[in-house]
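Here the protein sequences line up with chains G, Z, P and S, keeping their order. With this note's numbering, the residue at position 148 of the first sequence is 148, and numbering never jumps. Every number in this note's numbering is 1000 more than the matching position in the second sequence, counting from 1. Every number in this note's numbering is 2000 more than the matching position in the third sequence, counting from 1. Every number in this note's numbering is 3000 more than the matching position in the fourth sequence, counting from 1.
Errors might be hidden in some of the hints.
Claimed, not checked - List time: in silico DMTMM-like cross-link candidates among lysine to aspartate or glutamate, alpha-carbon distance up to 20 angstroms:
#	chain 1	residue 1	chain 2	residue 2
1	S	Lys-3248	Z	Asp-1024
2	G	Lys-62	P	Glu-2141
3	S	Lys-3465	Z	Asp-1442
4	Z	Lys-1327	S	Glu-3397
5	Z	Lys-1062	S	Glu-3397
6	P	Lys-2465	G	Asp-8
7	Z	Lys-1062	S	Glu-3141
8	P	Lys-2248	P	Glu-2231
9	Z	Lys-1327	S	Asp-3018
10	S	Lys-3248	Z	Asp-1025
11	P	Lys-2248	G	Asp-25
12	S	Lys-3147	Z	Asp-1024
13	S	Lys-3118	Z	Asp-1442
14	S	Lys-3215	S	Asp-3018
15	P	Lys-2491	S	Asp-3140
16	P	Lys-2118	Z	Asp-1442
17	G	Lys-62	P	Asp-2051
Because the hints were derived from the structure by calculation, they are not lab data.
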Amino acid sequence: MRYLPLTDTDRQAMLGTIGVQDIDDLFQDVPQAARLDGPIEGLPMHASEMAVERHFSALARKNKAAAHSPFFLGCGAYKHHVPASVDYIIQRGEFLTSYTPYQPEIAQGTLQYLFEFQTQVARLTGMDVANASMYDGSTACVEAIFMARRVTRRKKAVISGGVHPHYVSVARTLTHFTDDEIDAHPATVQQGAPGDDIEALVAAVDEHTSCVVVQNPNLFGHIADLSGLAARCHEKGALLIAVVTEVVSLGAIKSPGEMGADIVVGEGQSIGGGLNFGGPYLGLFACNQKHVRQMPGRLCGETVDATGKRGFVLTLSTREQHIRREKATSNICTNSGLMALAFTVHMTLLGEEGMRRLAAINHNRAVEVAERLAAISGITVLNDSFFNEFTIRLETDTRALVRKMARTKLLGGVSLGRLYPDDGDIERCITLAVTETVTDDDIDALISAYKGAVA
Amino acid sequence: MRYLPLTDTDRQAMLGTIGVQDIDDLFQDVPQAARLDGPIEGLPMHASEMAVERHFSALARKNKAAAHSPFFLGCGAYKHHVPASVDYIIQRGEFLTSYTPYQPEIAQGTLQYLFEFQTQVARLTGMDVANASMYDGSTACVEAIFMARRVTRRKKAVISGGVHPHYVSVARTLTHFTDDEIDAHPATVQQGAPGDDIEALVAAVDEHTSCVVVQNPNLFGHIADLSGLAARCHEKGALLIAVVTEVVSLGAIKSPGEMGADIVVGEGQSIGGGLNFGGPYLGLFACNQKHVRQMPGRLCGETVDATGKRGFVLTLSTREQHIRREKATSNICTNSGLMALAFTVHMTLLGEEGMRRLAAINHNRAVEVAERLAAISGITVLNDSFFNEFTIRLETDTRALVRKMARTKLLGGVSLGRLYPDDGDIERCITLAVTETVTDDDIDALISAYKGAVA
Amino acid sequence: MTSMNAKGRDTSGKALADAPQTFSGNRALILDEPLIFEIGDRSRTGVDLSDEALSEDRLGGLARNRSIDIPGLSEPETMRHFTRLSRMNYAIDMGLFPLGSCTMKHNPRLNEKVARMKGFADIHPMQPQSTVQGALELMDELAYWLKTLTGMPEVALSPKAGAHGELCGMLAIRAAHEANGNPRSTVLVPESAHGTNPATAAFCGYGVDSILATKEGKVDVAALKAKLGPEIAGIMITNPNTCGLFEKDLIEICDAVHEAGGYVYCDGANFNAIVGKVRPGDLGIDAMHINLHKTFSTPHGGGGPGSGPVVFSKRLAPYAPLPFVRKNDEGQFELVEEENLAAGDHPDSFGRMVAFHGQMGMYVRALAYMMSHGADGLRQVAEDAVLNANYVLRRLEGEMSAPFADGGPCMHEALFSDEWMKGSGLSTLDVAKAMIDEGYHPMTMYFPLVVDGAMLIEPTETESKADLDRFIDVMIALARAVKAGETDRFKGAPYYAPLRRLDETQAARKPKLTWSEPDVAEAAE
Amino acid sequence: MTSMNAKGRDTSGKALADAPQTFSGNRALILDEPLIFEIGDRSRTGVDLSDEALSEDRLGGLARNRSIDIPGLSEPETMRHFTRLSRMNYAIDMGLFPLGSCTMKHNPRLNEKVARMKGFADIHPMQPQSTVQGALELMDELAYWLKTLTGMPEVALSPKAGAHGELCGMLAIRAAHEANGNPRSTVLVPESAHGTNPATAAFCGYGVDSILATKEGKVDVAALKAKLGPEIAGIMITNPNTCGLFEKDLIEICDAVHEAGGYVYCDGANFNAIVGKVRPGDLGIDAMHINLHKTFSTPHGGGGPGSGPVVFSKRLAPYAPLPFVRKNDEGQFELVEEENLAAGDHPDSFGRMVAFHGQMGMYVRALAYMMSHGADGLRQVAEDAVLNANYVLRRLEGEMSAPFADGGPCMHEALFSDEWMKGSGLSTLDVAKAMIDEGYHPMTMYFPLVVDGAMLIEPTETESKADLDRFIDVMIALARAVKAGETDRFKGAPYYAPLRRLDETQAARKPKLTWSEPDVAEAAE
Ligand SMILES: Cc1ncc(COP(=O)(O)O)c(C=O)c1O
Ligand SMILES: Cc1ncc(COP(=O)(O)O)c(C=O)c1O
């Protein structure tokens, strides 16, 4: 077997050195009755690389890749072009096959990019500090809620209806069994500002509120000014948690930090990551300096070596499970290191200039598509403001429509019925994302498909 | 432009340091009349990575990849499975983006694998030494002819009709303008031993003969015992040059060295290399110790460093163009380094055990296909002996047949009319290669296509 | 000692004593590298994108005016920057990485290749399910393998790592208790447990009660039984445990916990030791996470991503989270998601614990790894992992102290304490740093907490005997150097790494977590 | 000197003087690695292939019975072996690689990616042409770009490298002369030419007559003219030449050679300096090879593969080799091959010079590179390459001797001689080895032959100003150290590389070119 270096001769010699007869002598602690006496049943025997590759090719061919059709899906996962150099870098064995940098003298590669990553994320979100990543946006979000509880010593989290429903579900699940209280506002798809419930949120904040969670741009693509809400939160001693699921938007719109957010969590997949059917993704977590010791997750910090040379180490680990155990700020251990690297490399290639250009292209194209869709009678574009994603309403069964388009090799948006199964109003909506990967031909195909659908 | 690090500010500052006003001041030696005053006409402006990738995807889709159809082509290029780790290794920047190892202290990676490669090639071919690679099999072959001239101080090369016709053409081209004489025997496709002309070759060797060039297995797949021919050559003071275009065969059949060859040249693409539409490939060149100083190409040798530690360097460079100029053994400079690395990695994964298994699978499958084809009336298998490739004769227009099969997504062999356009007899033949990549379904598809063709 | 040098040459030649300080600060192939903030600038970019004006009409008046202040680099500079950084790392691809409890085994590149097939890497989690049937089938296959290997009837794939899997398992346990009317208050956690165990229990609203280890390094069954009762929700037990030992009383423990109305959560981080040799389900556990990034070789990537599917017993299966894959009557694969829940399908599920459907990229890799090994190969994996660890244990126990070695063989990892170096003035940390100079990644240090100055060595099955012998010879030489009082070799270590020993205390005292322009004053120093 | 350290820290701290000799022979991340023959064995394999018996009936009695004697390794061992080897190399990805005449520029990974698309990498050269239309179209596109950039009407793509391109060009010249009835006997080659030039001429059966350089480093036009005559087949001239200078009299030279009935072969290895700035065709040359692995960035790969297409003037076009691509009347692309020749199509072609159709893998990469830059970007490439070289020249000319610097600007590379170090007891080689310690690949040494102890520095356009400044500062510091008599720094260099200075003389004296089992006696030493 190609991955196993021991030969039978080696094995024999080693058993001899150990002083046992048979390999099973080493498994003596395993209850005899439970020991399997041969290869487990129901599974095939080992397979060559060629055979395995064929199996996966066959499975892969049963999926319709985004690159192979005009593609307009978003809602928390975005298709962007990732430079080939990013994938090369993350495949280098020194990054790919190393562990968490517990021995800093031979892990400066990982540590330095984490320091760069933290700085990039902090600047992008407009915050003081960021951690070395979380699993994804949804888990970063619930960790932020827990952190707000620790900081404020209050238990009620108010969640906007504009937050991705999966994120809301995750928050509900993880707070269900603790004594946290979740005040989740319903999603509303009003004309002009779908999902905007800032007024209701402002009204909901009180002295029991630990935090208000709001997504910007929200699930429906709408962009809101969070400053008023932030002021209200601060007035009441609550924290404002801003969720960003499309980080490219931060190249065009004000950062949550600038609008007063106390914690910014996000899904970083857009930069450096692929679609990957939902994972692995990249949880971003940023906050202000004063709350640093309540943060979840790993942090990398600057220090010096024995000769005074600058270097980096994991730090403030007294927050973490391996030191603090049940008193840790989170149970997270393995995070999304390699995705953070992909993010850092891609962001380094972009720089501010590239981020701004990328954001402008995304937005401008989205505006173009929105205007062309709006011109079709039977289709209403709900958003006045948006970045690269917006929501339309039709008078047809949108889930059937989306499936029908897929059969003609067009992935024309996310029908919101899948995310809001119970809501008759929202079920008639579709959210579309338009990124730099969309071509003019793709747009033409989309427009004609929608024209056909409402005709 | 993403590959260019200088900014306009940098450029201005640098011109200042240099002491000129304008970049064109640095091009003052270029005749004014010939200078272009702007981007050259007729070519597009720079393009984003995404745009370039799209362009190439579109072109690639216009080709039928071997992996996407039952595939039976050989004749000097073979489809084998190359482990994923091989491609990873050759993409590591330290190998991919380094130069010829002229500074050995920081090129031991390249030098050590070259030493390993040379040893592997020597052992595989049954010779004493091998060089660090040539461009491909065909150019290695003509270099061997030149080397034989240097060694024997004679000018007539006798070439078997079983040698790949492209190799013969190359030898003709390159000797045409020198005063070398080429006695190229015609290809013959006799039943039982197609392309076998050992007797005629034996007869042709005389005291003017510098070398006899024979391919084994030959173009038609036939395997011959070269010992008699070798003896005859040596008797007459000529060298025997053996050509191997399918190195996997050396896992099953006697090496040319064992049969008395003086120089072995080969195409190494089968190990570690892909099909690549014909290039880059890997020229192998091996000979015996006593002729080492007449070899073309680079050689890596063992030595020690200043502290006595073992290390490797390029050596015997007094044979080479950069030292010897017009008296060099060859004009070759850049060779096939990275393909040699791929070969070395793949061969290291295989080892003798893997080579023997791989060869057995190839041969056994080929026997199976040959037998099934032979059972079809209207088809004659010409070969009694073969490794993984053999030749059949039909009574139809084979070029049309092969094209027709391609339309039904089957790449069913090389119609020899393309290689021997003038020869009515050979034109009715097809050569098929069967490797480990061929599945049972592929074979069934092949058989039914041929049944259909002769029905 | 020259015998240890595989090149068979004497390397004692000239040391570096006479080496000059370089002008550049570089040392040949060991290259210094500044931060991107020190070399890039905001106007530079390594991506060719057209410079369109942002149309601001539909940004709701919220265009970003302030600088983002992130520098860019051209592509060549970027490649160099990260290549240089990478070269400062140690990795499995370079040599032994014997971090106990981390299962740092070979990461096949085949897995990287198949995970990058567009049909997996370039599909969106919300695509119509008809367009991702291959992906769903793959998840179904992976689920089948995991259930078969563990002998458990149900699996939840979505957890994103081991700790997330623990959360998944404990949430199911809590949900089951709640369904019975009382969530109970306390979870038992052995002292040797990984930090994520108590942290997870706390995350689920449970108090933690610790169980001491026996002097053989296992759970004290009597102590455990004494703690059981109506407020004990269950136990989180690691098996094989973090001392590298199989909890041989696990069946008895499970029975006792069940009898007391509790559930047994098994931390399966060390499944590599037993995969194919015993099915955890046959021992009576109720839930167990599997680190695909350990046992099934998806790469650690310098810290992640991982994937932590959880298998469930029949009793806990109804509470398993959403989403999951099933095959419907028409033979199509479908995701059971919110809409099913809304329709009353799978009503007892504790819900969703992550957006979308989990770590697809890791599923592909893990399944490719499993299929490559097959039933026979996976069994061999466990056997070779255990064989390698015992070989290390036996060859080193005479030189270093192995507190549990007298009790019999270990499983996949060999545990040593610092007993043997008492009085030398040196610590486990010093030995670890000297190992760095020798070209090895140190073992896990100071964990588990049950022995002093723990050194936990997990070689895994992908080490050859020759490599292990070389490693062991070096460890013996180091141990003898400790005893011989060669203090400098250790205290000053590492000498040859890109940096000398780093000051972790200073880092924590005044944390500097992001880069900022140095003060003019500071810069002038 | 601390200013040179980009991290802005003082690195003078402790040197390695107190570092102990390690037991393993490793030095942290600098790992010793034996040969595969020393660690593998014949029965081990890292590929899973079924163990079938070879059926020998149809092997003609020639089954291989003797051992092949090639060791195998498992996949993890193989990965480690080659990863470790790779880490002993320097590369562009790590830093400046200023080898003059080699154009070691950034190698974009986009090119690697597109070259690996199955539609290019997995097609067979003998597939029916209807199944490879995309590949042929790509070749046609590449041909168009090369012809447009050079202003030449014809191109042969098949040559496999620069030297092979030279052969192609010279064969066409010879064929043209033969068609005129007299091959002529001699080719003129300037003294500064690359070794491949005279070697190629000899390969084509020509004698070589050398032309001296002027003291400005260019071809001596008067001397050249004096040599022209009926036996001169032509000249092989490099432009820009290997002193890094543009042959400003090239038009005059071409005219003179043509008048004498000869042809002008231009070695285009240095095309990078002028691409997009001037079309060589406008200067009157007849043939020129283009190293795709230099100007168009296909990676050098530690020695190859390359690709050396040759452009031809109208006069030489009929003699160009087979095969080539053309578009037929139905708009299909087709290869013109042997069968066309047989049919009397393209009758004057000198024939085939390689099996199949050339370096497809390199065509893809080069075209991706060209399209990425476009007409504007390629022009910028030349400008930046020349700017960088002149910057190096001007900043260093005061410290080192630049023999031709007074004559005006250089093109893409800056040439220095060892004049400035006369009397120091040190050589160009010593400086090169000290550069290794500083973290740089040395420049080209002792070439061209026209100056003593040549140091030929070609930075290329993919270096940033900051990186160049750092490099120049180090070179100045080294130059001053030479003058200050710091001999040890140079004579002992490199100190920090994986190996110290290697003994090339011993290697050549008793060449050991393959590995063999050490004698028992030797091993026991
Ligand atoms: C015993 C044990 N349990 C749990 C974990 C946590 O797993 P993860 O890091 O994937 O969250 C680890 C890994 O570090 C472990 O070793
Ligand atoms: C000036 C010059 N001519 C010719 C060549 C030969 O090119 P190649 O190495 O591709 O054969 C080189 C490259 O080394 C060169 O620098």
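Problem - Violations among the numbered hints, reported as their numbers in ascending order - result: 3, 4, 5, 8, 9, 12, 14, 15, 16 and 17
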